[in-house]
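Go ahead and model the full structure; you've got the sequences and the hints to work with.
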Amino acid sequence: QVFSHHCPFLMGPIECLTDVVTPDTDIQVTLSIFELASAAGIPCEVDPALVNVLAGSKTDGSSPEEDYKVACLLLVFVAVSLPLLASDPASVYNTEMDG
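This note's numbering applies: residue 4 is where the sequence shown begins, and numbers increase by one.
By construction, these hints were calculated from the structure, which means they are not laboratory data. On a predicted model such as this, the values are computed, not experimentally measured, just so you know. It is possible that part of the hints are untrue.
Unchecked claim - What follows is a set of in silico ranges between Cβ atoms, one per label pair, in the way DEER data are often shown:
{"id": "1", "residue 1": "15", "residue 2": "52", "range": "22 to 28 Å"}
{"id": "2", "residue 1": "94", "residue 2": "26", "range": "27 to 33 Å"}
{"id": "3", "residue 1": "28", "residue 2": "57", "range": "40 to 46 Å"}
{"id": "4", "residue 1": "31", "residue 2": "6", "range": "37 to 43 Å"}
{"id": "5", "residue 1": "80", "residue 2": "20", "range": "31 to 37 Å"}
{"id": "6", "residue 1": "54", "residue 2": "12", "range": "40 to 46 Å"}
{"id": "7", "residue 1": "18", "residue 2": "80", "range": "33 to 39 Å"}
{"id": "8", "residue 1": "88", "residue 2": "48", "range": "18 to 24 Å"}
{"id": "9", "residue 1": "81", "residue 2": "54", "range": "19 to 25 Å"}
{"id": "10", "residue 1": "68", "residue 2": "11", "range": "53 to 59 Å"}
{"id": "11", "residue 1": "9", "residue 2": "78", "range": "45 to 51 Å"}
{"id": "12", "residue 1": "31", "residue 2": "7", "range": "25 to 31 Å"}
{"id": "13", "residue 1": "54", "residue 2": "84", "range": "18 to 24 Å"}
Glycine included, every Cβ here is placed at the ideal spot set by N, Cα and C.
Shown next, in the form of structure tokens:
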């Protein structure tokens, strides 16, 4: 907010670029725009840093046993997190959005 107040000539084009992004836009272009926007402090639909980390962690030669271990760890994570999120008063279930 401070940055857009002091340098609107810089933030205006970045905000316009984020408004132009549609689901039909090439994924590399979208990620580049979101990376620029998040560096400028503008919230984005997709976190480019998370996308880069997930893309780098992809292993093509993983064994089925390794995939099974990762799936089990994901289930444990969900099982541990779900009761904590359910007991949090800030968590809200919205039936219109199915979650």
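Inset, instruction - Go ahead and decide if the range 33 to 39 Å is satisfied by the Cβ distance of residue 18 to residue 80. - result: For residue 18 and residue 80 the Cβ distance comes to about 35 Å; the hint holds.
Inset, instruction - Please test the hint of 37 to 43 Å on the beta carbon pair from residue 31 and residue 6. - result: 26 Å, violated
Inset, instruction - Hint says 18 to 24 Å; check whether the CB-CB distance for residue 88 and residue 48 agrees. - result: Given range 18 to 24 Å: holds, Cβ gap about 22 Å.
Inset, instruction - For the range 18 to 24 Å, tell me whether the beta carbons of residue 54 and residue 84 fit it or not. - result: 22 Å, holds
Inset, instruction - Check the following: the C-beta atoms of residue 81 and residue 54 are separated by a distance inside 19 to 25 Å. - result: 22 Å, holds
Inset, instruction - Given the range 53 to 59 Å, decide if the beta-carbon distance of residue 68 to residue 11 lies inside it. - result: 55 Å, holds
Legend entry - residue 54 paired with residue 12, Cβ distance criterion 40 to 46 Å: 29 Å, violated
Inset, instruction - Given the hint of 31 to 37 Å, check if residue 80 and residue 20 actually sit that far apart at their C-beta atoms. - result: Cβ of residue 80 to Cβ of residue 20: about 35 Å, so the range 31 to 37 Å holds.
Inset, instruction - Starting from the hint 40 to 46 Å, judge whether the C-beta atoms of residue 28 and residue 57 obey it. - result: Violated - the Cβ-Cβ distance for residue 28 and residue 57, about 19 Å, lies outside 40 to 46 Å.
Legend entry - Distance restraint evaluation - residue 15, residue 52, Cβ atoms, bounds 22 to 28 Å: At 24 Å between Cβs, range holds.
Legend entry - 45 to 51 Å as the expected CB spacing between residue 78 and residue 9, which holds or is violated: Because 48 Å falls inside the window, the suggested range holds.
Inset, instruction - State, for the Cβ atoms of residue 31 and residue 7, whether the hinted interval 25 to 31 Å holds or is violated. - result: Given range 25 to 31 Å: holds, Cβ gap about 26 Å.
Hints 3, 4 and 6, counting from the list given before, are not met by this structure.
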